[in-house]
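First to last, the sequence lines map onto chains G and D. In this text, residue positions in the first sequence follow our numbering: the first is -13, and each later residue adds one. In this text, residue positions in the second sequence follow our numbering: the first is 790, and each later residue adds one.
Any given hint could be a false lead.
[As the list claims (entries may be wrong)] Computed footprint of chain G on chain D; a stretch qualifies when at least three of its residues, placed anywhere within it, have a C-beta under 8 Å from a C-beta of chain G:
1) 801 to 810
2) 1023 to 1032
3) 1172 to 1180
In short, the hints are calculated from the structure, not lab data. The beta carbon of each residue, even a glycine, is placed where N, CA and C say it ideally should be.
These are the residues of each chain, in order.
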Amino acid sequence: MKLTVNGVEHDVQAPQLASLLHVLREELDLTSPKAGCQQGGCGTCTVLVDGEPRRSCLLPLAAVEGAAITTVEGLGAADELSPMQAAFDEHYAAQCGFCTSGFLLAGTALLNGSPGATREEVLEALSGHVCRCTGYVKIVRAVEAALHGEVHPERVEASFEPEETDVLIPGSPA
Amino acid sequence: MKAVGARLPRYDGVAHVTGRTTYVDDVRIRGILWTKALRSPHHHAAITRLDASKAEALPGVHAVVTHEDVPKNVYGHLEALGIPADEPLLAENDVRYKGQPIAVVAAGDEDTAREAVELIEIEYEERPAFFDIRKALDPDWPQIHQWGPVYPHFGPHNHRRVRKGNVDRAFDEADVIVEGVYRPQAIEHCPLEPQTALAVPEADGRLTIYSCTQAMYFSMGVVAAHLEWPLNKLKFVGGTVGGGFGGKVDTATETICALLALKSKQPVKWRWTREEEFLASSTRAPWHMEIADALTNDGWILGRRMLTLHDSGAYARFSPYGVTKHAFHHTGAYTIPNVHFDGYVVFTNRVPTTAMRGFGVTSVSFAVETQMNRIAEVLDLDPLQIRLKNANRIGDTTANRITLKDPSTVPVVLAAADRIGYDLPAEYRSMTSDRRSGELLPEHLVAQLGVEETSGNGGGR
Ligand code: FES
Ligand code: FES
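Kindly generate the complete structure, drawing on both the sequences and the hints.
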């Protein structure tokens, strides 16, 4: 079966019912999608299927025939980060990094589809993605920075400024 | 110290956002085998029959390992500290928690490994299970651990104790006694990266082990102990952890991969499913804490009696260490001159519990701080003023007899008050950590004061 991933067409051998996650990781050696739960619950396996964020652990290969798949390997290399990648780096949105691929792709789909998204729409787009490390504040901040075009692609310079505290959900205690 | 308080780029930031960080599961080695485990479906049972021959015979299966294949099957995480071993790597005569591993299979793919696990023939004789730590010392406690209901090796005692001052007198002299019971429950660490290891047999007879452990040298020691190998035959590769929070201190997968790799002579990976994480990975312990405080009407804590029951799960692992830390912190950030603390490590048929973010201390901090608020409520006093009054100060002696040189209770409480705009009277606002005197040195706190520092040896402020 033919599968286009990050613009490259592959001839894959796996059976039709193999999960897309398994094919990407084990057959194509694209390891940015992670097997966090393999049951649709965590979002670490998220890839873009024709631009839409999808859980690759739940997608049988047969369901994506002819589709264009994007993984984080297809976003931007180290010296030419995409705005979403640069924002995640700048805002410390990746701590252990295991959830990061999924959040990056969910954020990228939002940036491409509705760059004017509100806070609520951002939270909606990221919901269902679990991060156990960051507490989400920095992830939301990074996605919004990318949406607002406030990304500084050069790496963060050392600075001694204290950070602003942020309230994610209106009405919650600061 | 220039980095403190600075915003510095993460050294691994670019690797994370480009998907290039190599977690164990991302290591690419040709021809790896995949592992699946037979785990106990019972909380507590005797194993009356175990026969893995049909699994071994299944095409595609390269190795099956049971307790018989482990050179040193029973190992204790605290053996290096002289504490005897109690936990088998793979269950032998009995299973003591649901999800306990009994046998493991390495096969060319996960489906075959799973199929092989189902071919293992096993019979159990179910036994009564025990979960309520409050009943550990009841006469009808069902025998679940060879050491009895509680961990027995705290020196001459079967519990960790702290004794200081004269607690009976404190309770006799008290105006009011305030009691509280605190029971924080188990928490699964739930890192996004499940437990994963990959063991690769090398041509020179050594093993390379890719590990998600939080404690490389510790895990190396555990694997070497089970294999009865010298450390120099093991090479550990790690340091990239997809979230741990304490749950990746216990060595969960490395030894099994090592044994399967040695038996099959092929690289072997074991990546737990999320279900296995929730079923069989260690958790933060549930605790049962009872506090009784002897108080004066104006808010001094004269004495504390405390009983802690710590749910260790089926085996000891690090629990005795956790309870010891817990004991040292049982007066919190406050100075209480008369204390009587007993802490028990109780065995149950839960999955063994372990470190999680402030091992043993988070639980006692929760209890102590909630107790402080309760005291304030009963005495109708201000909760922050009570904290400042009883706060640790320079020269105070802790329950385990450390004389404090640089306690931080006062500045922390004052900073917290500032941040929430909390009103405090001037005499509290101007408090410091300085050695007690005047009104802050009541009769009951005189004897506990440590000796004044006389030379400039780095002590004091
Ligand atoms: S691995 Fe697909 S949602 Fe968790
Ligand atoms: S950064 Fe560790 S889970 Fe999100």
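Give me the numbers of the hints this structure contradicts, sorted from smallest to largest. Checked against the structure, the only hint that fails is number 3, while the rest are satisfied.
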